[in-house]
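Take a look at the letters that make up each chain.
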Amino acid sequence: MSTREDSIARTGWLVGRWWIPAAAVAMCAALLLGAMVGPAGPTWWRVPLALLDRLPLISLDSGISPREWTIIWQIRMPRVVLAALVGATLSLSGACYQGVFRNPLVDPYLLGVAAGAGLGATVVFTVNRSGSSSWIVDPLPLVAFAGGLIAVAVTYLVGTAFGGQRSAATLVLAGVAVTSLATAMQTFVLQRNTEVIRQVYSWILGRLSSATWSDVRLVLPYVILSCGVLFAHRRLLDVMRVGDDEAAALGASVKRIRIAVVIAATLGTSAVVAVSGLIGFVGIIVPHAVRLLVGASYRLILPLSFLLGASFLIVADIPGRILQNPSETPIGVVTAFLGAPFFLLLLRTRQGTR
Amino acid sequence: MSFKSIRQIRGVSRRTFLAVGASVLLFAACGTSDQSAVNTVADTVAEASTDTAVPEVSTNKIVSLSATATEMLYAIGAGDQLIAVDKYSNFPAQANAFEPKIDGYEPSVEAIAALEPTTVLIAFDPGSLQSQLEKLGIAVWVGAAATNFDDSYRQITELGELTGKTTEAEALVSSMKSEIETAVSSLEIPEAPVNYFYELDDTFYSVTSNTFIGQVLSLFKMENIADTAEAGNDYPQLSQEFIISANPKLVFLADTKCCAQTAKTVATRPGWDKIDAVTNGNVVELDDDVASRWGPRVVDLVKQVAGAITAYMSKLK
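Chains as they are written, first to last, in the working numbering: chain C, 1 to 354; chain D, 1001 to 1317.
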């Protein structure tokens, strides 16, 4: 590792005391912006007033009708909050995966979560989706969640069984194999049930537009648990940066760290994928953007990925709402469309300054 | 090292998704509209407020996200209660006057709410659309894709009740029934069942007799070559070898709009010149939209099929 990177990491940590509050402010601003912009509802500046009005001890005349309030609270807020949770979880998981695998191309879907969840969702769509509308619990997120977990479990079992000394690389390859297998099964199921292709396709592109508070309640416990465990590993991830053998020599239990991070990240990723579909790009772009900004220390990368991931997805969801009004643009399209040029720009700027 | 191969493999799976997606979009694009609209939305709404006898009817403001439901509403004279339609609602011509049209697969709940409708008609729920709209106090009517004629008649009756046009709805249902009855009974139905191939798109997706359109064709005691193709799948993809060896006497093209297929293009496909339907000129060009909806225009479809069978019989003599 070059001394330049070390010094960036060190100065990054010093400046970092300001980065975290700044990112938190950015996230609050994004939350507010997300609540204000939409194809319907009241004038934008009334929304913060209305939200303040709902706080205890504050009474304001925001001048919005009950119907407008329902639009904000029942339609817009759940999707903004869900976007925050999904964005935060995906980019935090992405950062942690990149840490434990020491591989910059890794994203949260690496070990088969996406393909497993996709297969689960496809199966639910084909088994008479309309028949389940009266069920107490919607089977779609549950089966997608289970599918994601099962796929990663298979990857892990296969990867560690054949892994031997090079367990990280083998695990990645096992993930590729499981992903291909699950995708093939999904394609086969789809091919036999072509009438649901449109719905499955729409799910694959990611969806925040149908978010409700019950979706938020459904993922919140998993997100808290997963992010809690991942944050607890931030120092150990810094140790892992030096390599498996060196980290072991420093007293870190490499295997235990890797399995804990993989389980926690998978749990969070599966949960958010189950309610929002496959939103690509967030898990890979946000952590890298953060690295370019603040250096390589996970003590800073993790909280910043969490906060900026949330902000990014909230903001990315806004064009989807208003671009094709009265229809929606899928969020997955917007994240890639906004994310790719932004990332290239960032890459270029940072290289220019070095 | 392995990064390149990882990227390649993952790229492939992504591409598969995209390929599937692209073909879906092709399916969806089958509903291209003929722009001959005269009325404006304002006109339509203005009519709605004047022309009704029952007072509560005039307060109906309906958003239709189902092309079939839109056709049904116009057919029972309730078209003036519509305030917005989805982008596949292209018939009758008045339905094209609504701008902008909503994407029924990716609808924006907020934008629909902003139109302040009383009822939203959907053919399926892309997410939690129904519950989200109901939270806003907007009624939702679901008219899922019909699997038989009774489904279609029931939906027309329900829409009649919803819009206060019960008499018109009853009249429509009975006229549909009698017209279909006449079209079938006036026909000299061939002794031996005639086999046919129904083409959904130019990759040879087809339908079995269990589907709505399959039942329409079954009225004429024909034999669907797709029925034996794949157990448990009502929309099987047939291979060209299978189609050519089955040698259908009639071919129905439901991909004239989406995929620009005609009797002529079918005749140029390699090997298809050996199929009886092609050599005898019994390739029938259907309107994709009519063939994929379960509304009042199913009568036109029945008549067109009846005409095709008459033509087939006359060529036999």
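Be aware that a few hints might be false.
Reference excerpt, derived from the structure (chain C facing chain D, CB under 7 Å, subset only) [claimed, not checked]: (1) PRO39; (2) ALA40; (3) PRO42; (4) THR43; (5) SER59; (6) ASP61; (7) SER62; (8) ARG198; (9) ASN325; (10) PRO326; (11) SER327.
So the derived label-pair ranges between C-beta atoms look like this [claimed, not checked]: (12) D:ASN1233 <-> C:PRO21: 50 to 60 Å; (13) C:PRO341 <-> D:ASP1276: 38 to 48 Å; (14) C:GLY63 <-> D:GLU1116: 42 to 52 Å; (15) C:LEU157 <-> D:THR1228: 39 to 49 Å.
To be clear, the hints were calculated from the coordinates, so they are not data collected in a lab. Cβ atoms here follow ideal geometry from the backbone N, Cα and C, with glycine treated the same way.
We went through each hint and held it up to the structure:
{"no.": "1", "hint": "PRO39", "result": "4 Å, holds"}
{"no.": "2", "hint": "ALA40", "result": "3 Å, holds"}
{"no.": "3", "hint": "PRO42", "result": "11 Å, violated"}
{"no.": "4", "hint": "THR43", "result": "13 Å, violated"}
{"no.": "5", "hint": "SER59", "result": "25 Å, violated"}
{"no.": "6", "hint": "ASP61", "result": "23 Å, violated"}
{"no.": "7", "hint": "SER62", "result": "18 Å, violated"}
{"no.": "8", "hint": "ARG198", "result": "5 Å, holds"}
{"no.": "9", "hint": "ASN325", "result": "5 Å, holds"}
{"no.": "10", "hint": "PRO326", "result": "3 Å, holds"}
{"no.": "11", "hint": "SER327", "result": "3 Å, holds"}
{"no.": "12", "hint": "D:ASN1233 <-> C:PRO21: 50 to 60 Å", "result": "57 Å, holds"}
{"no.": "13", "hint": "C:PRO341 <-> D:ASP1276: 38 to 48 Å", "result": "56 Å, violated"}
{"no.": "14", "hint": "C:GLY63 <-> D:GLU1116: 42 to 52 Å", "result": "18 Å, violated"}
{"no.": "15", "hint": "C:LEU157 <-> D:THR1228: 39 to 49 Å", "result": "42 Å, holds"}
The structure does not agree with the numbered hints 3, 4, 5, 6, 7, 13, 14 stated previously, though it agrees with the rest.
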